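Sequence order for the protein chains is S and Y. Its first residue numbered 1458, the first sequence is counted upward by one per residue in this note's numbering. Its first residue numbered 369, the second sequence is counted upward by one per residue in this note's numbering.
The set of hints was computed from the structure by calculation and includes no laboratory data. Small disclaimer: the values here were computed from a predicted structure and weren't measured. Treat the hints with care, as some may be off.
Claimed, not checked - Derived CB-CB ranges, DEER-like:
#: 1; chain 1: Y; residue 1: Thr507; chain 2: S; residue 2: Gly1481; range: 53 to 59 angstroms
#: 2; chain 1: Y; residue 1: Ala443; chain 2: S; residue 2: Gly1481; range: 42 to 48 angstroms
#: 3; chain 1: S; residue 1: Glu1867; chain 2: Y; residue 2: Asn510; range: 34 to 40 angstroms
Yeah, the Cβ is synthetic: ideal placement off N, Cα and C, and Gly gets one too.
Listed below are the residues making up each chain.
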Amino acid sequence: MTPPFADLALLWLIAEILVATILGALTLLFLHAYYLDQEANSSRKLLTPVRRLMPAVLEGALNKSVVDTEANMLGSVRDFTWGSDGEPALVIVDEDLHSSFLLPFSAERKVGDLVLIGSKQKLVTAPSDFPSGTKLLLALPKRFQIALFIDFGRSISGEEKRNLRSLAENTGLLASAEASCKSRWWWRRLHSLRLLTVLCAGETVGLSLLSDKNPLVRAQAAEWATDHPEPEVTSRLLELLGDPESLCRFYVEDSLLRMGTIVVDRLVEYLNTHSGREVEDALKVCVGVPSPQFLDPALSLMKHENPAVRVLAAKLLGSIGGDQAVEALRKLLKDINAEVRATAASALGRLHYWPASSELAGMLGDSDWHVRRNAGYALRAVGPPGILVLRQSMNSKNELAAEMARAALEFYDITTKDEFT
Amino acid sequence: MSWIEQAYGVLIGWEWIVLGYFLLVNSYMALLLISAAWETWQNSLRSRWEARWRVQGSSVAPTLSMLVPAYNESATILQSVQALLALYYPNLEVVVVNDGSKDNTLSLLIERFELVRINPIYQQSVPAKPARGLYRSRTHPNLLVVDKENGGRSDALNAAINLATGELVCAIDADTIIEPEGLERLIRPFLTGGDVVAAGGTIRPVNGCIVQRGRVVSVRAPTRALAGIQVIEYIRAFLFGRVGWNRLGGNLIISGAFGMFRRDALVAKGGYEKTCICEDMEAVVGVRRLGYEQGRPQRVVYIPDPVGWTEVPESTRVLGKQRDRWHNGLTDVIWRHRRILFNPSYGAMGMVSFPYFLLVEWLGPFIEALGLLILPILLLFGAVNVPFAILFFLVAYGYGLILSISSLLLEEFSFHRHETIRDRALLVIWTMLETFGYRQLTVYWRIRGAWNFFRGRSEWGAMERRGFATSPAS
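The shape of chain S in the complex, shown without the other chains:
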């Protein structure tokens, strides 16, 4: 058979192209392995010493004894010298690294009196007003600087975090991250904002990024907002509760919950002025930071046409408590939606509200299994009056009620025992 479209020459050409592609791919694979080896090598030799000294830098306690102590611990550091102006100077003499093709520029890099790699001949004097910590970091390639800031930023707070931020300011990293937040590429904006979030910085760009067109950037901006609970930020954050992207809504809810009671006033105002789907997400936040201030909005929202909102209103009322709340919950026990009834029953149980025992007993025969189960749990939770009602219900003519009452009395689980008995 002689194929019409592919004579031997054509097929031969295809075979050659394939062989070339395979060889190219293999070369890439092994070059990448070599790159990784070198990167790990550089990281070990460059980053490890600085990482060891960072806690002292952040505490402002970088002195000769710290450097000397660390020098003994670090295998990759071949030599330490002390700067002529009394500033600590770190000299890592490592000719192997100098020859590494991965660090053609940083190998030659010299900042102040700090020379990371190369030889002692390259040692130069630093300007005296250059803080030693900054010198230490500037000597690192930028990708290592960022790695270091991200690593440390996530595990420190307070004064240390402020020091880290000023170090980032001195090294120019903050300015460069803020500039990148205006990039046309979403991933640059995202990555820069992530660095700014870790450093609790970015006041000039964070607010505008809450309105970014990319949902990932908006979500990141919501995360950034946690440490910036200024009025204009929280207002914008609340507006994002109606965001069409679920990821954004998740981070907005999370940030508002982390802000805590600071946002209560604004949430009350928000609940009073909104009525759409966004109210659901706002209510989830309210349940997490229950406050008596939410009582009026909750009483109003328990009549909302959307059952999901009524469910959350019942949860909120259950976490607020008080006479008005329990009266409202008793009304919700008769709601047409089963989930609302089940949540109201659960909330009354959580409040140990025994006067509702007879109503809860009636719900043991509800057509919905979840309502029956929650009524059973609630009766267990209200204590002796509830147990009595459950015992009586075991003889109920309604088989569903009798069965659930029996199950509730037999119910035993070590995790919920304290809660319900």
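Knowing the structure of chain S, use the given hints to seat chain Y on it.
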């Protein structure tokens, strides 16, 4: 026309079919590779410097139940459960189902985790054999153990679904090792897309790797050929075979060893199908099908970086049974859901991904086997130009090699699990050897699997475990 001429015509026609099939399969593969490369790149951009601890510490993170069916797992169960309890995720519940084990799996669990018998009120949402006993741990209150009669993996998973309280459920095998941050990564699609009903994570063979205290501490390429070739297969299958589908009609398979579902979607579907031996694929297809039919969410996402590690067979006998079962199950699922095929009301699933599974995954071994059988006949008749046949074989082999090496490249560039040149060299060697013998064996096993389905024979078979390699320190 003489019969020889007629036979000649048929054979030539067959070769044209093979050529056309070759083009179709390779076009699918090329598309998948491009899609996977794009998806992996986007994923790496999205996840760079991401604060995953945020989800860990969030009170609005979805609750999650891990479902762990265990049958005669006394050798590994304690280590596995301990590793699961140590996973980084808030609101995590672990539901272990002792599926009528004949060994001391249950007593080991009772003793080690101080299990106490409990009587929770729960609903039989999906069909499962009744529980003999329910236990909760005093030391780890988020550990729930169900003891029930043996009913198979699907039944055990259904029993766990009935008891699970999480919004999401993650089904794993009792011997799967999940990376510490794996769950947080796998949760992400559910946060990102409200329409996501299931998400799958990458599975890698653990053979050859060093495991300490339920964690893979050093990733090494296996030195045994059978396991080594399976590493390549898994990388190729998961990285571009599944990630690639994210943008081309969605996945139809989520590995039973590490897959996450919205509990309500799985309950609406009726749980895992007990009569299907490929219950993981059936669950995904079923959930998606229901989504299309009822206008519910149905998106399934694959995430390349969460990794679950599992032991793969190192004997041809066990491997053969496994592949037999997989193809048997694939045939079963395609037959059960044949209504989806080329049905536009099932969107891209009906028009792209389901046809792929039929034409490429299911039909592939038959075409390949026929090609291999007919080629000598054609050569005998002189119906094939010999240099052309050789070159065609080289091109086909080279193309397969490019796909495998591209997957390796994608994997190493994105996740660089194997950092040493020795490991990569080993993997390249296994890639090159895959075509000689191993591939033909899998063709045979897969055809046998389909044949067994039509004969009504389906069985799980037993996996022989060699255990994890541990370093001297462990």
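Verification of the hints:
1. Y:Thr507 with S:Gly1481: 53 to 59 angstroms: holds, 55 angstroms
2. Y:Ala443 with S:Gly1481: 42 to 48 angstroms: holds, 46 angstroms
3. S:Glu1867 with Y:Asn510: 34 to 40 angstroms: violated, 23 angstroms
Going through the hint list in order, the structure does not satisfy hint 3, though it satisfies all others.
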